[in-house]
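Undergrad: Sequence:
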Amino acid sequence: MRHKGLIILAAALAASCNPQRWLPEGQTWIRRIELTEGAQVRSDDKYLELIQIQTNTNVLGSYPYVALYQRGARKPTTRRGRWLQNIGEAPALLDTSKVAETVMQLERKLRQEGYFFAKVGHEVVQGPRGTTLKFDLQRGKATRLGTVVPEVYAPAIEDQMTTLRMGSLLVPGMRLSRDMLESERKRIADFLKEHGFFTIGPEAVGFDLDTLGHPYRADGYWLIHNWVRDGEFGPQELPHKPWYFGRVTVADSLNYGLNARGIRRLHLLESGDLFRASTVTQSQEWLRRLDAYQNQQWRLSPRGDSLDAELVLKPAPRVGLLWETEGTNTSGIYGLQTAIEVRDRNPFGGLEALSGKVAGGLGVAVGDTSSLFRTYFLELGVQLEVPDLIGLPKVRRNQARSSANFTLGRQYRREFDRLAVSGELHYHWEAPNRLTWDLKPLYATYVDLRGVDSTFYAALASKSGFQDILILGPRLSLKRPTFSEGRWSRRSEWSFETSGILTDLGMLATKPARDQPFTVANVPYAHYLRAEADYRWRFRGRQRREGAMRIQAGYLHALANSPGLPPFERAFYAGGSNDLRSWINFRIGPGALPKAVFDTAGFLGSGTIKLLGQAEWRFPIAGSIFGAVFADAGNVWLTSANVATAQWDLLDNPELRDAVSFNLLRMPRQTALGMGFGLRYDFDFFIARADWGLQVYDPRRLATGDAWWRPSEGIRRSALQIAIGLPF
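Position one of the sequence shown corresponds to residue 5 (the numbering used here), numbered consecutively onward.
Simulated from the structure, these hints should not be mistaken for lab results.
Errors might be hidden in some of the hints.
[Unchecked claim] Derived DEER-like restraints, expressed as beta-carbon distance ranges:
#, residue 1, residue 2, range
1, T283, H229, 22 to 28 Å
2, D49, G427, 35 to 41 Å
3, D49, S101, 35 to 41 Å
4, S172, F121, 25 to 31 Å
Backbone N, C-alpha and C define an ideal beta-carbon position, used for all residues, glycine too.
Could you put the whole structure together from the sequences, leaning on the hints where they help?
TA: Here it is as structure tokens:
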């Protein structure tokens, strides 16, 4: 009886909170909108986006929010009434004028798709807790394409007709639609503009289709209108023809201070070349990326029988000063850093850019049991950047640029103090398929360890990053840009790097057999191969909702001159704000290494193999506040070869060797699983994020038999991550 009474009381409260009953007479609250066709609900965005009325969409349910707003609207002048309206949501009301506009828009869309006799009906279905507004699509029979032939009277275009017609998008029998005609119009114009016809645009291509006597079949022709120019006696209509560049000049109203090398790096259009739209577009994109100019524009104008091209440039201020200060979170190490950069955008007259940078910062990371990594860093850097490939001036690549960089930095933490000197030659370009290449054929880093805490050093499995070491070798990164298809988009990134390969070959050719690591100037050089892949997908839902997925894999292979493990900074880690968010960074892995090791030895988890999978669903809560639910799974491992040569006493234990070594059969039991939720605030120019994750399955606890989380443990097995930007 007690439960029955509670149910009756809850029902009474729900009825008393019904927003509909508080609306003025004649107003209707629209709680749902349905789009149907033949009794089937449609979810096509191209139709749904035409509906002029939007329902309430709060993630916690529209009903309670509208109820709160309506309760506050009863006394809007009181403090309580205003407060209820602020936290609530105004009801979406039925508007007959918007319903009529929606019907008109939907019918127009169907006619554009070839359903010339389509009708759209609507129905308002009343309910006790709001109203459902239904729109029903009645397409009818589609009009199909019949015979469409070209009518062209320009001799130069007639010469292109055979190739032009081969790629036609118009096929007899296909459904007639405006989008199809617009695509064909653009295809014709783009083809001709790529073959010298400067005076042709999509607006010059016309269609004349007739359905008289056969309403469901359209026959006709397409034509290209002549172009009009000002003649001696007024407007003059002329047939289209191919154009060739005549004079190519740079506007001389300003002194740009360019030498011959700078003029060559502008990649000017060539006099005598056939006009091609893609060539002009590529040139414009290239010029837009030159740091020395604020605005760049090609002005093309017919003169006689040729096409003049004038490049108009607006220089940017030659010397600029940039000051940046920001909060940072690198794998869970929170800090504040600032940098001052001075940049000369054209110091030598060849469109080079010379910059100097001074940076510094402070940071702290909180581990499971102690405060670690109270740290600061200082860095000096110099960079020379040029808008082509250094040493390869005649090799042309889209978006090509290169730079020579030198940095000197000091990193101090409670556990260690080290100095790093780096230099590199960096090439960047984009392939025709938009794949971005970043190649560093020359890369060198020297790490000078000035001091290290003995307890911290003893707890490291990878000690090579905490000793004097030299990293020499090329690096390559490939990035495929975001590709969208419908609601899905994806992008991917791969990186490859080596160290010490050529150096080691030289040593083997000139020195006796290796009985200990070879050195350069008494400093051992790192010797390894490293590869990493990162794939990301995003699903765009309705009403600002979206899903995201990520898969990451990495492998680091130690070679002969780096026994044990390669340098610590090139190893893989797990945990942190962008990784396994239920764990603090460095506090999980490799494999099923027991949690006691982290708690007692201050161990920093790292590995040479990494597998990670992440999924996240994002949704709006209110205004600029968004929420997310997520799941992360993965870990890092060592290889058997790493374990056999690692300088770490704990790995003398056979059980620990198995716990940290990668094995396909053991991998499922050693894969961590975390789940949680997050809050994000969108400031437009950046996103602040807080993610809380629960350690659902923790392989560190396999040895103690409590790897799976139990409700009795509450939130003790969790982590809070604060970060800037989305995790992936």
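Undergrad: Next, verify each hint and record whether it holds.
TA: Hint-by-hint comparison with the structure:
Checked against the hint of 22 to 28 Å, the C-beta distance between T283 and H229 comes to roughly 25 Å, which is consistent with it. Range check, D49 to G427: Cβ separation about 51 Å, and the 35 to 41 Å hint is violated. With their beta carbons about 24 Å apart, D49 and S101 fall outside the hinted range of 35 to 41 Å. A hinted range of 25 to 31 Å for the beta carbons of S172 and F121 is consistent with their spacing of about 27 Å.
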